[in-house]
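*Asks:* Positions -23 to -1, 1 to 311 (mature numbering (1 follows the signal peptide of the UniProt record, and there is no 0)) are the ones given, in order, by the sequence shown.
None of these hints come from the bench; they were simulated from the model.
From the three backbone atoms N, C-alpha and C, an ideal C-beta is built for every residue, glycine too.
Treat each hint with caution, since some may be false.
Derived DSSO-like pairs: lysine-lysine, alpha-carbon spacing no greater than 27 Å straight-line [to be verified]:
1. K53 / K273
2. K269 / K252
3. K221 / K151
4. K43 / K175
5. K252 / K157
6. K273 / K262
7. K269 / K53
8. K7 / K273
9. K157 / K53
10. K7 / K43
11. K236 / K273
12. K269 / K311
13. K201 / K151
14. K53 / K201
15. K262 / K221
16. K311 / K59
17. K53 / K236
18. K311 / K43
19. K311 / K262
20. K151 / K252
21. K221 / K269
22. K236 / K262
23. K43 / K201
24. K201 / K59
25. K59 / K151
26. K175 / K228
27. K59 / K228
28. K252 / K175
29. K221 / K53
30. K151 / K43
31. K7 / K53
32. K273 / K252
33. K175 / K262
34. K236 / K221
35. K228 / K7
36. K157 / K228
Between beta-carbon pairs, the in silico distance windows are [claimed, not checked]:
37. K236 / P24: 30 to 36 Å
38. K311 / D238: 27 to 33 Å
39. S132 / V245: 16 to 22 Å
40. L309 / G237: 24 to 30 Å
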Amino acid sequence: MKIKTLISVLAAASFITAVPAIAEDKAETKPVTEQLVDTLTTLSGGPHAGFRSNHAKGVMLEGAFKPSAQAASISKAAHLQKAESPVLVRFSDATGVPNIPDANGNAFPKGIAIRFQLPDGLTTDIVSISVNNFPAATPEDFLGLLNAVRDSQNSTAKPSPVEQFLGSHPAALKFVTTPKPAPVSFATQPFFGVNAFKFTNAAGQSVYGRYQIIPVAGAQYLTKEAADAAAPDYLMTDIGERVKAQSVQYKLLLQIADKGDEVNNATVQWPESRKTVELGTLTLKSVVEDSKAREKTLMFNPLQLTEGIEASQDPILLARPTAYAVSFGRRLGK
């Protein structure tokens, strides 16, 4: 497989904790969060001051979330009760390249981050991608994949390091080979939460579930010919034009785990036959006026939770905020 194609596996990076690293000249212990950000920066031709190390190119919108009638039966979380909540949403392309063309193969999977403004002045976030699986179950395996991509760029080995890695890691191979077509619009792109969370209602009943963010307009994708001819910023431009004409809506669903389903492994995709519950409707109404400036000062955090929603023990999920913080600190010049 070509390295250019394989670099797209970095799309959901920033999910790593710490393991020993070997420096070129001497052994040292360095947090994997820093290793990840360093490598992403190198692969993107950076550093690119003021931008994320991954999902650097994006656009922010604002709107509202209205919970469904059954949402409160799933969780006592404040934004899943009767009241409507203001939201900020950021759509993004993969990689740390700030000007990557939206239809470029390395700009996938796409990302969505949602921040709900809660009645008590606090916030809670959802961070998801446009593929319903992840290439690694542990931070260590994800780092191994990332390093294999890096090491293959100037390698003449046959098979290359990344081909060797994929040959022994079926989840990574599945992720790499999953089709990632260019959407007609962000308004026609479904998104998926690859990590599970525990949801508890007011009666103390709990379930594990994964988010699905499904466009009301339906999933729509460009043909290869249309994608090849697409303008570099067609997605960023299109979503702004759409919300000027009329609001854009998504259904926020929760896929419920059955007994025996793996809730701590992001590589395992649950069967489509699993029950889904509609949590509510996300309505986007306008682009944030100072989107480019404002998005640089925000760090979305999938573990920024509220009462009624808890993290699973998925090691990928638990590692994400630490890595995000490394990138955020560098973005702010700290």
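*Asks:* Give a verdict on every hint.
*Replies:* Structure-based check of all given hints:
1. K53 / K273: At roughly 32 Å apart (the allowed maximum being 27 Å), K273 and K53 break the hint.
2. K269 / K252: Violated, at about 38 Å.
3. K221 / K151: Roughly 38 Å separates the two Cα atoms, so the pair is violated.
4. K43 / K175: Since the Cα atoms of K43 and K175 sit roughly 21 Å apart, the hinted pair holds (cutoff 27 Å).
5. K252 / K157: holds (25 Å)
6. K273 / K262: At roughly 21 Å apart (the allowed maximum being 27 Å), K262 and K273 satisfy the hint.
7. K269 / K53: Between K269 and K53 the Cα gap is close to 34 Å, so the pair fails against 27 Å, i.e. violated.
8. K7 / K273: Roughly 26 Å separates the two Cα atoms, so the pair holds.
9. K157 / K53: Violated. K157 to K53 sits at ~35 Å, over the 27 Å cutoff.
10. K7 / K43: Violated, at roughly 44 Å.
11. K236 / K273: Not satisfied, since the Cα-Cα distance of roughly 41 Å exceeds 27 Å.
12. K269 / K311: holds (20 Å)
13. K201 / K151: holds (21 Å)
14. K53 / K201: Violated - the C-alpha atoms of K201 and K53 are around 44 Å apart, more than 27 Å.
15. K262 / K221: Since the Cα atoms of K262 and K221 sit roughly 8 Å apart, the hinted pair holds (cutoff 27 Å).
16. K311 / K59: Between K311 and K59 the Cα gap is close to 41 Å, so the pair fails against 27 Å, i.e. violated.
17. K53 / K236: Roughly 22 Å between the alpha carbons, so the hint for K53 and K236 holds.
18. K311 / K43: Distance ~38 Å between K311 and K43 Cα, so the pair is violated.
19. K311 / K262: violated (34 Å)
20. K151 / K252: holds (24 Å)
21. K221 / K269: holds (18 Å)
22. K236 / K262: violated (39 Å)
23. K43 / K201: violated (36 Å)
24. K201 / K59: It is violated: about 43 Å lies between the C-alpha atoms, which goes past 27 Å.
25. K59 / K151: violated (40 Å)
26. K175 / K228: Cα-Cα ~20 Å, so holds.
27. K59 / K228: holds (16 Å)
28. K252 / K175: holds (15 Å)
29. K221 / K53: violated (34 Å)
30. K151 / K43: With Cα atoms ~35 Å apart, K151 and K43 exceed 27 Å; violated.
31. K7 / K53: Violated, at roughly 40 Å.
32. K273 / K252: violated (37 Å)
33. K175 / K262: Violated, at about 30 Å.
34. K236 / K221: Violated. K236 to K221 sits at ~45 Å, over the 27 Å cutoff.
35. K228 / K7: Violated, at roughly 41 Å.
36. K157 / K228: Status holds; Cα separation ~21 Å.
37. K236 / P24: 30 to 36 Å: violated (47 Å)
38. K311 / D238: 27 to 33 Å: At roughly 40 Å between Cβ atoms, D238 and K311 fall outside 27 to 33 Å, so the hint is violated.
39. S132 / V245: 16 to 22 Å: At roughly 31 Å between Cβ atoms, V245 and S132 fall outside 16 to 22 Å, so the hint is violated.
40. L309 / G237: 24 to 30 Å: violated (44 Å)
Hint compliance for this structure: hints 1, 2, 3, 7, 9, 10, 11, 14, 16, 18, 19, 22, 23, 24, 25, 29, 30, 31, 32, 33, 34, 35, 37, 38, 39 and 40 are not met, and every other hint is.
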